[in-house]
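Colleague: First to last, the sequence lines map onto chains A and B.
Position 46 of the first sequence, counting from 1, maps to 45 under numbering that gives the first Met the number 0, and the rest follow consecutively.
Position 121 of the second sequence, counting from 1, maps to 120 under numbering that gives the first Met the number 0, and the rest follow consecutively.
Hint data in this document are derived by calculation from the structure and do not stem from the laboratory.
You may find that some hints are simply not true.
A few chain B residues that don't get close to chain A, going by computed Cβ distances all over 12 angstroms [unchecked claim]: (1) 6; (2) 159; (3) 234; (4) 239; (5) 258; (6) 261; (7) 294.
Covered stretches of chain B, as calculated for chain A (at least 3 residues, CB under 8 angstroms) [unchecked claim]: (8) 57-64; (9) 243-255.
All residues carry an ideal CB built from backbone N, CA and C; glycine is no exception.
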Amino acid sequence: MPRLVPSLLASLLVVLALAASAAAQSRVDEFTEKLDIGISTDEIAITSDFRGADLTIFGAIDGFAPDLLAQGKYNIVVSLEGPKESATVRKKRRVFGIWVNTQSMTFELVPESYSLSSTRDIDAIAPANEMNNMGIGVAHMTLSPIGYIGDGSSVTEFRSAFRRLRETSGVYQRDPGGVQFISASLFKASVRLPADVPNGVHVVRAYLFRDGVFVAAKALPLRVIKTGLEAAITEAAHKHPFFYGLFAVLLAVITGWAASVAFRRD
Amino acid sequence: MTIYLPIAELSVNVLIILGMGAAVGFLSGMFGVGGGFLITPLLIFYNIPPVVAVATGANQVVASSISGAITHFRRGTIDIKLGTVLLLGGLAGATLGIWIFAALRRIGQLDLVISLAYVLLLGSVGSLMLAESISALRRAKRNETMPLRRPGHHGWIHRLPLKVRFKKSKIYLSIIPVAGLGFCIGILTSVMGVGGGFIMVPAMIYLLRIPTNVVVGTSLFQIIFVSAYTVIVQATANYTVDIVLAFVLMIAGVIGAQYGVRVGQKLRGEQLRALLALLVLAVGIRLAVELVLPPADIYSVISSGSGF
């Protein structure tokens, strides 16, 4: 048995290497197009009066085929993905006359915010299974449940509830038409940062499609940081929670004491 | 005029929060209660996440109880020894309560339990108070003198061991029921964000037969420390104390309370109690309706990052 392991490993490595070279081969052979994008800043500071912001991303396609470009065969999708966290969807049911959370499902590492912009409706850009594989768009993003899910029959229901809730609350949005060509190969995309944007590293991703086939992708990080008093308070509450609590109590004691002094009537 | 609450993570109208604080402060001054049982449900009605409402409510209770306690301390109507026994029970109860709070939050039933606990507590206390004050009002109308209420005979309470003499209250009592009462109120403080005065005062008078003159001061003494402890533990364990929200509430609250005290002095005791009972019942009914009516959306989503 121990002698089997090295030979198994070796053959596995060979298979992997072959697969990798094959993938690289096909990519190089098929496409000459390259995609480049740029944003004016890699950091956004959120102040207390932040009401959301539009972010403009510029990009260019290199090595394109002019005839295909003229026919509008190139399509671009740009997304702005927030930091990823696990999210739990809960469902209420009536139990003895009152509404109680009875079922729940947790999805692993989904973006806290998601804004999508494209040259046209993404379902018209590429077939749905291609979008599913790449996880582009709210309807196609990967939602894998973790933990016990029973017979799995309710996964679809919870997935669509998750998508609907995130879209109605405005943290997931899409703009089919948000990407415009400003010259033959130069494009401009606008994505929206929602008002209750989460702190952390967001990722701008751009995807190039040629005639319904994915060609190239590019990603850039965008740091979102909260500033001002609110940020300081949030930080204090999470980094020095004991002293934060102590300070909250002290504030209450001073307020109560000051009131009893100010309104003393004897 | 909006203000961003950093912990609740939402923008609110500061005038509404000020109004809520002032109104609850006014009522707490008028009726001599801490107001935690009103502020927490009001915050929940205003879409503040219940986890934040409970922890922040406890912080507001500290501020509103302090000035009352100072007055009682000056008059010498606090039994420190009795208060300390209550307090020890209270701290243990609050610790258990925080643990219950975190466990309920993990399994997603916290909001429901908070609402249910409020409906039960406000419903029962409100009905008892209303019944008591209506019969008092009837007697007053017929010009009968108020019969001196004989406290119920609770022999078993007075047969318990570990008896201690409380000099200021002039009673000789086992510390078990005292610490037990503190323990129960402590759980309520950390799970519901109430000070618990409106339960503790009647319990001290009717169950423990503690003289009325030290009851209010001593219960305030215990409420301050248990609420303060709850605030610190909630902040440390759950990060749910919103200091901006708490500060706006307590400023408006302490000012409102001063005017409430003046109005309260003009009303008769049984009228006050009837009004308070109606208020308590109204808040309870409002919460009950929320539980029974079909929700706007049966699904809800929370992410592990934000916590609520």
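Colleague: The structure should be examined with respect to each hint, and the outcome stated for every one.
Modeller: A quick look at each hint next to the structure:
1. 6: violated (6 angstroms)
2. 159: holds (34 angstroms)
3. 234: Label violated. Min Cβ-Cβ 3 angstroms, cutoff 12 angstroms.
4. 239: Violated, because the least Cβ-Cβ distance between residue 239 of chain B and chain A comes to about 9 angstroms, which does not exceed 12 angstroms.
5. 258: violated (10 angstroms)
6. 261: The claim breaks: residue 261 of chain B does not keep its Cβ more than 12 angstroms from every Cβ of chain A (closest is about 10 angstroms).
7. 294: violated (5 angstroms)
8. 57-64: Result for this restraint: holds, n = 6.
9. 243-255: Check passed, 7 qualifying residues.
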